[in-house]
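Chemist: Start from the sequences, fold in the hints, and give me the full structure.
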Amino acid sequence: MSSNVLNRGSARFNLSRFGELGLLAVLVVLFLVFTFSSKYFFTPKNLSNVLGQISITMIAAVGLSLLLICGEVDISIGSLQAVAALPLVLVMNATGSFWLGVLPALAVGGMIGVINGLLVTRLKINSLIVTLGMYYLLRGFVYFATGKVPISDQSGKDFFFMVGNGKLFRFLPYTAILMIVIVVVFMYVLRHTTYGRRLYAVGGNPEVARAVGISPERLKLSAFILCSLLSSVSAILLASRLSSANHMAGQGFEFQVVAAIVLGGVSLAGGVGNLLGALIGVLIFGLIQNGLGLMGVGTQYQLVITGAIIILAVAIDELKKRHA
Amino acid sequence: MNENNVILEVRRITKEFPGVKALSGVDLSLRRGEIQALVGENGAGKSTLIKILAGVYKRDSGEILFEGAPLELHSAHDSLRRGIKVVFQELALVLQLSVAENVFLESFPLKRGGAIDWRTLNRRTLEILGSINLDLNPTRKVSSLTISQQQMVEIARALSHEAKVVIMDEPTSALTPNEIRSLFEVIRRLKVLGIGILYVTHKLEEVFELCDRVTVFRDGQLVSSKPVGETNTNAVVTDMVGRSISTLFPRTHSGRGETVLGVRGLATDQKLKGVSFEVHAGEVVGIFGLLGAGRTELAKAIFGLDPVSAGELELRGRKLRLGSTSHSAHAGLGLLTEDRKGEGLVLQMSVAQNMTLPSVREFARFGLIRTKAENARSQEYVQRLAIKTPSLRHKVEYLSGGNQQKVLLARWLMKKLQVIILDEPTRGIDVGAKAEIHKLIDELAKGGLAVIVLTSEMPELLGVSDRILVMSSGRITGEFGRTEATQEKILAAAIA
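Protein sequence lines correspond, in order, to chains C and R. Start counting the first sequence at 450; every next residue gets the next number (my numbering). Start counting the second sequence at 450; every next residue gets the next number (my numbering).
It cannot be assumed that every hint is accurate.
Stated by the list, open to error - Computed cross-link-like contacts, DSS-like style, restricted to lysine-lysine with a CA-CA straight-line distance of at most 30 Å:
{"id": "1", "chain 1": "R", "residue 1": "722", "chain 2": "C", "residue 2": "573"}
{"id": "2", "chain 1": "C", "residue 1": "573", "chain 2": "R", "residue 2": "790"}
{"id": "3", "chain 1": "R", "residue 1": "613", "chain 2": "R", "residue 2": "675"}
{"id": "4", "chain 1": "R", "residue 1": "590", "chain 2": "R", "residue 2": "560"}
{"id": "5", "chain 1": "C", "residue 1": "573", "chain 2": "R", "residue 2": "720"}
As the list claims (entries may be wrong) - Selected chain R positions facing chain C (in silico; Cβ < 7 Å):
{"id": "6", "residue": "775"}
{"id": "7", "residue": "792"}
{"id": "8", "residue": "797"}
Unchecked claim - Non-contacting residues of chain R with respect to chain C, defined by C-beta distances greater than 10 Å in every case (computed):
{"id": "9", "residue": "699"}
{"id": "10", "residue": "718"}
{"id": "11", "residue": "810"}
{"id": "12", "residue": "813"}
Just so you know, the hints here were simulated from the structure itself, not pulled from any lab data. Every residue, glycine too, gets a C-beta built ideally from N, C-alpha and C.
Modeler: Given below as structure tokens:
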């Protein structure tokens with residue numbers, strides 16, 4: 450069976466299908482442009498570097514894609530990245546064990562997911578509003594808890610450093626390997642499991658889902674939890690790269706992720722999208738940031754270009770709805 | 450036929466969509482002051498034709514003559530400007546604006562200087578409403594009107610443009626009997642005014658009550674077009690389906706078994722006021738009620754879609770948890786909802802995926818879907834119900850209404866059920882598919898299911914039911930056995 454939503458069997462003109470090919474073309478063009486405009490771009494070192502960066506984004510993007518597919522959104526994931534690193538580094542510093550630090554980091558993430566999910570599904574508050582509140586709340590908490598001073602890793606664990614910075618054959622980052630595993634697993638979940646099918650059904654039409662015996666609330670709650678857990682995983686990798694719990698970590702991350710996956714064809718309206726598209730979206734964003742940086746394009750232009758891409762992404766989403 | 454009287458003529462119109470020939474070489478003519486019915490099964494091409502006349506679709510070939518001159522339409526606004534008004538099922542009104550503002554939406558009367566001339570606007574709206582004997586306040590907000598009154602506003606808009614042709618797409622599907630009567634009066638007024646009317650409908654009794662001529666479409670072609678005096682229901686049905694259909698309800702199931710579903714004192718905060726009844730294995734219980742009687746609410750409360758404030762349900766002697774659709778579905782209850790798009794289909798999903806939504810677990814091991822089994826089962830039902838779809842992966846959105854309804858039926862037939870509740874199972878679908886669904890209902894009962902059919906169509910109610918319950922204001926006000934039930938008794942109970 451092919452992807453749920455690409456509908457490859459249909460002879461009908463389909464923008465979502467065109468969209469993915471179009472995105473691949475954009476990706477290739479960007480790649481060529483940067484290769485020819487900067488001699489630093491197409492080097493093993495730089496490519497490996499980009500791969501490491503986008504992997505962290507993509508892991509969180511997987512979680513957010515699941516949530517968008519079932520019709521909700523979470524913009525507290527950037528703040529969560531900063532929050533989840535706190536127990537990680539503190540416990541690691543206290544116990545000297547990486548794995549003992551991972552546990553509370555994931556627990557905090559899971560808990561935030563539960564809170565977001567319950568507020569949305571029980572009190573029926575719009576998820577954008579709930580997680581916007583959580584976005585400020587968590588960031589404020591980190592400022593408070595750290596006194597705006599990064600808490601650095603003092604455990605001296607090589608393993609912790611290697612998680613975010615190590616590379617297989619000095620090229621393939623461990624983060625990328627983890628990312629690929631997560632993407633493949635969740636691609637399979639979305640396409641071939643009853644859970645994935647129910648996510649699409651709930652996002653496509655929650656009333657129908659309820660009318661066939663699916664509880665949209667329970668499913669959405671689980672997606673909030675998965676999203677927060679995966680964001681916490683990305684938080685752990687980021688903390689390893691920064692070797693600290695930083696109150697600035699993940700600032701603006703949530704919007705990058707939303708923009709990237711919407712660009713990749715995951716609809717904000719729910720029920721539509723897949724992880725291949727999300728991955729391409731994240732790659733495009735990653736390449737643009739890296740490439741523009743290497744070309745020495747000023748921050749002001751980088752911001753303008755990023756903004757234009759976000760609007761383009763939403764415009765494509767809108768056109769898709771019209772043509773679908 | 451007097452040539453001079455022809456207002457609209459369509460010649461050899463052809464329209465093709467990817468994979469489907471929607472219209473092939475259709476000729477049709479409409480005279481002034483004529484009410485012409487367009488009938489045909491779902492997908493026969495009626496909708497395509499009216500969308501071409503509305504300027505929504507462009508024809509591939511052929512020509513349209515309007516008042517004898519060729520007509521080229523580029524947009525919906527274009528056709529209205531030229532004097533063709535189409536009233537679609539989804540009304541094109543701005544709900545937040547007043548009646549008068551809607552009637553003159555495209556061409557407000559202006560004062561010098563460009564400000565809206567409110568006095569003229571309201572006066573002319575009153576005149577137009579008067580010309581079709583309508584008593585409505587022009588300043589009333591459209592959102593406060595009933596569906597039927599809103600339809601009238603759309604018709605009034607046609608008159609504000611001095612429309613010469615009015616096309617109506619199944620205008621009575623959401624109306625009560627009284628509202629239908631007043632709509633017919635308005636349509637007859639239009640006829641007197643010399644306007645030509647194309648009236649698309651599925652209800653043949655309306656054709657013979659209202660229309661002068663009946664034109665039948667089948668598979669994108671015009672099959673027949675006759676004055677109503679020269680034909681009859683059976684002939685029209687035969688033309689529609691291309692074979693003769695028995696309008697008799699098949700009945701092969703017999704005798705009821707043990708009690709399957711017991712409903713006791715079921716009540717909700719809004720509508721239901723304590724409903725009790727039982728349904729037995731192998732029995733079809735028909736539930737009738739006028740609009741607002743609480744039929745759909747009852748179905749939803751039983752299935753757990755709406756919260757219940759009092760009462761209990763028993764399934765084969767075991768208490769059922771209330772207010773949880775997942776428990777109901779798991780226990781073996783199924784509900785075919787009345788609202789196809791809103792509560793039935795996930796439009797973005799494929800035909801197969803829509804069918805297996807409630808039963809997908811039956812094809813899965815440890816949560817992993819065995820796609821082969823799923824497809825084989827879906828294919829089986831596509832064939833059994835003769836669902837017209839290019840493939841199982843086709844998006845359900847692109848199927849015709851009747852086929853969508855069959856997909857929804859297949860959804861519940863696939864699942865092992867004890868009780869199936871069918872809310873308006875044949876609304877908006879054509880006679881051929883209707884007969885198939887009636888046959889299925891009989892088969893379901895024969896297979897030992899407890900079947901509950903909620904319907905507002907009297908012949909269907911009397912035809913399929915073993916027992917009839919009548920609802921009024923949230924209560925059951927009458928119960929009749931198959932042999933004792935008559936239309937009069939049922940209606941008397943329905944208005945009790």
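Chemist: Would the hint on residue 775/R be counted as holding, given a Cβ-Cβ threshold of 7 Å to chain C?
Modeler: The hint holds - residue 775/R has a Cβ within 7 Å of chain C, the shortest such distance being about 5 Å.
Chemist: Between the alpha carbons of residue 613/R and residue 675/R, is the straight-line distance 30 Å or under?
Modeler: holds (22 Å)
Chemist: Since residue 699/R was said not to touch the interface, does its Cβ keep a gap of more than 10 Å from each Cβ of chain C?
Modeler: holds (28 Å)
Chemist: So is residue 813/R really clear of chain C, every C-beta pair being over 10 Å apart?
Modeler: Incorrect as stated: the minimum Cβ-Cβ distance to chain C is 5 Å, not above 10 Å.
Chemist: Sort out whether residue 720/R lies within 30 Å of residue 573/C, counting only the CA atoms.
Modeler: With a Cα-Cα distance of about 24 Å, the restraint between residue 573/C and residue 720/R holds, given a limit of 30 Å.
Chemist: Double-check residue 792/R for me: the hint is only fine if its C-beta lies closer than 7 Å to a C-beta in chain C.
Modeler: holds (5 Å)
Chemist: At 10 Å, judged by beta carbons, does residue 810/R keep clear of chain C as stated?
Modeler: violated (6 Å)
Chemist: With a cut-off of 7 Å on the beta carbons, see whether residue 797/R makes it to chain C.
Modeler: With Cβ-Cβ at 5 Å, under 7 Å, it holds.
Chemist: Can the restraint linking residue 722/R and residue 573/C be considered satisfied, given a maximum Cα separation of 30 Å?
Modeler: Judged against 30 Å, a Cα distance of about 28 Å means the pair holds.
Chemist: Should the label of residue 718/R as a non-interface residue stand, given a Cβ cut-off of 10 Å to chain C?
Modeler: holds (17 Å)
Chemist: Can the restraint linking residue 573/C and residue 790/R be considered satisfied, given a maximum Cα separation of 30 Å?
Modeler: holds (23 Å)
Chemist: For the pair supplied as a hint, residue 590/R and residue 560/R, confirm whether the alpha-carbon distance does not exceed 30 Å.
Modeler: holds (23 Å)
Checked against the numbered hints listed earlier, the structure breaks hints 11 and 12; every other hint is satisfied.
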